[in-house]
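K.L.:
Below, each chain spelled out in residue letters.
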Amino acid sequence: MIWEVFRQEEPGDYHKHCGNVHAPDRDMAKMFAQIQHGRRMKTHSLWVVPQDEVGEVDDQDTAFGGTTDKAYRWATTYNRVDASFAKEVADSEAEQRAAEKKREASSQ
Amino acid sequence: MTDAKTDYAAADDVGEGERQALEALLFRLADDEYVVAERYIEWQIYAPSLESDLALANIAQDEFGHARLWYDLLQEFGRSEEEVLWERDSADFRHSTLVELPFEDGDWADVVVRSYLYDTAERLRLEALANSSYAPIRDRVGKVLSEERYHREHAGNWLERLARKGEHGDETSHRKLEAATERLLPHALSLFEAGPHEADIVEYGFRTRTLEDLREEWLDIVVSFMEGLDLAVPDPDEVERPEEIGRDGSHTDDWFDLYDDFTHTYRELDFEEPIKLRAQGPKEKGAAK
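In the order they appear, the protein sequences are chains A and B. With this note's numbering applied, the first sequence corresponds to residues 1 to 108, in that order. With this note's numbering applied, the second sequence corresponds to residues 1 to 289, in that order.
Bound-form chain B, shown alone (with noise of 0.2 Å):
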């Protein structure tokens, strides 16, 4: 076995193979965690009650966070902000399409659905980029995974609650979770989807595992979680899957409306550049910039 990769320190030593594989790597978490926290911060104000909408917004944040670590890295390549987000065609974002979807209309299940998950997926790619060879992506996936636990955290305490009939769940709350499973599951498949590069991913070692064996390993913590919960979970291998992928650029109409709105301002404000309101708060803890 050779297998010994070649270690990268920084954007400055990657050819231009390697430099697009990571720019693929890049968009695909990026724009998963900016996607996902747009559509939680859907629910400010109309969550169940203060403290669950407190919670949910302290996990948007999180992932914009995260978004923004991300973004940081791609801008490393020579990209402006603008270019990287603001002023991106919306079809070359490579989010999942799991978190452009809209939330049906007050359905608090598939907010603990699709937090649960997505976060579940997002720990395990977050696992499998620890060890990458791209040492600026090593370096934050420390801080990005001690905001997680939280995340699952909040998604299983919901779970677990609003399934199990008795205390607190019932027969409506465990039919809205399934319900919501059975709406998203074909979605969620597609956080596991190749986009382009993929190959390369893994061949530089810029993830350590494939999307396929995340995939399975993912299936396998899900079903057996949810099914331990009396959840009915389709066949992944069964369920018409959605003709968008999200990954190589294929969306939902959603998405484009949702990218209407996000864009919105900043096209109306015409700023020469965005405003970053992190630059002015404190300095943060940790070794990531």
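For reference, chain A alone in the conformation it holds in the complex (with noise of 0.2 Å):
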């Protein structure tokens, strides 16, 4: 049996997909995965989950964000100012830019 294994490196992190590891049960799994997937990197938590409890909807099964124009989805098509002043706005703002170029890329 598979369990796909997260690990969260500090407190408060998302747990992020690191591989997965092969084991009978839910204990075994822990057991292996600190080894396999905690030993070297910093390691603050790991989740064991079991592959078939995984669900997934790929691109072939939906077109992610629809197929037509929906360019005022993008905040920064209203932005007119200066976000430094708060970090949390201009990261997200950043993260926002990232995304709609490699959209636009993708869809080329």
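Simulated from the structure, these hints should not be mistaken for lab results. We put the CB at the ideal spot given by N, CA and C, even for glycine. Worth double-checking, as some hints may not be accurate.
[To be verified] Listed below are several chain B residues computed to face chain A (Cβ distance under 7 Å; list not exhaustive):
1. S49
2. E51
3. L54
4. A55
5. N58
6. N157
7. H168
Combine both chains into one complex, guided by the hints.
P.N.:
Below is the structure:
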């Protein structure tokens, strides 16, 4: 049985997928994951999740974000202020600009 | 009761009698850890799965690291690394015969039983060193114990799964565990055999419990756990004990072959001094140097 493994580096971070382990049950999976995925990388916590329990929807199943132009979704479209006064806002805008670029590049 | 023991802060604080007892104690510890790891690494690439291979390799690395901690303390008495390990006479090694035995070919049950018996004893003896009158030993115990928890969990998890017939284990795995127990138990008892200066080790407070006491508690734990898994455990007072007990330098023939193997590269390369990879790695966390 395969268990997908997610590692969290610092308390409060997201658990990020980092690989998997073969193990017959949850306890063995936790035991193996400690060595395989927590030994060399800084680790605060690991999750092990049965692979069968992971639900997936991919771009064959759906058109993520729809197929028509929805440029108005991008908050950057309306942006006329310098966001540097608040780090969260600046970060969020940078993130959106990057995502917008990626999306444009892949649709060409 | 006037039982206040002298406390020894460092190697310079001990007299000749104390030094001999400390060296005897440290060689037992270091040799057990070193040799058990030498045997574990024979499973590299042969373990039943990638995961179990990595887990056992990691345990072996831990044990080598623990051996290093104890050999380092021996070096504080003026011996070199060559003298405590690479160039020591094979008949001067003090490990239990349990750890030197070769594995039956491909018999994972042997690894499971051996490490369960060994790591359970390891915990008890480390706890009996936690209040050692020799500070450098005390200081290292916590660090070692925190890694040993994983070793016991690993052995215990495998043991439970292979012993119980049903979801994971079956008649065959059950039978193999019993065969390994029958083979290993007589040797495991040598973990608690006295070696040189045993009375002094306790008298000076270097270890705070006697070997008989540790043996009794160890048997209580392992026999009840294994019988709880429906595994037949031979009566420890009835089993035929091997002549070799390890602790006095007597060993099975397999030890001398293993010694030749692990010193082979050292002798062949003929370096001026042993190479220490550890010294190049990142600094370790924790109190002990």
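K.L.:
Taking the hints in turn, state whether each one holds.
P.N.:
How the hints compare with the structure:
1. The restraint placing B/S49 at the interface with chain A holds, with a minimum CB-CB distance near 6 Å, inside the 7 Å limit.
2. At a threshold of 7 Å, the smallest CB-CB gap from B/E51 to chain A is about 4 Å, leaving the interface hint in force.
3. Below 7 Å, beta-carbon pairs count as interface contacts, and B/L54 has one with chain A at about 5 Å; its hint therefore holds.
4. Hint status for B/A55: holds, given a least beta-carbon distance of 5 Å to chain A, under 7 Å.
5. Of the supplied interface hints, the one on B/N58 holds, with its beta-carbon coming within about 5 Å of a beta-carbon of chain A, less than 7 Å.
6. Proximity of B/N157 to chain A holds as hinted, the smallest CB-CB distance being about 6 Å (cut-off 7 Å).
7. A distance limit of 7 Å between C-beta atoms decides the matter here; for B/H168 the minimum to chain A is near 5 Å, and the interface restraint holds.
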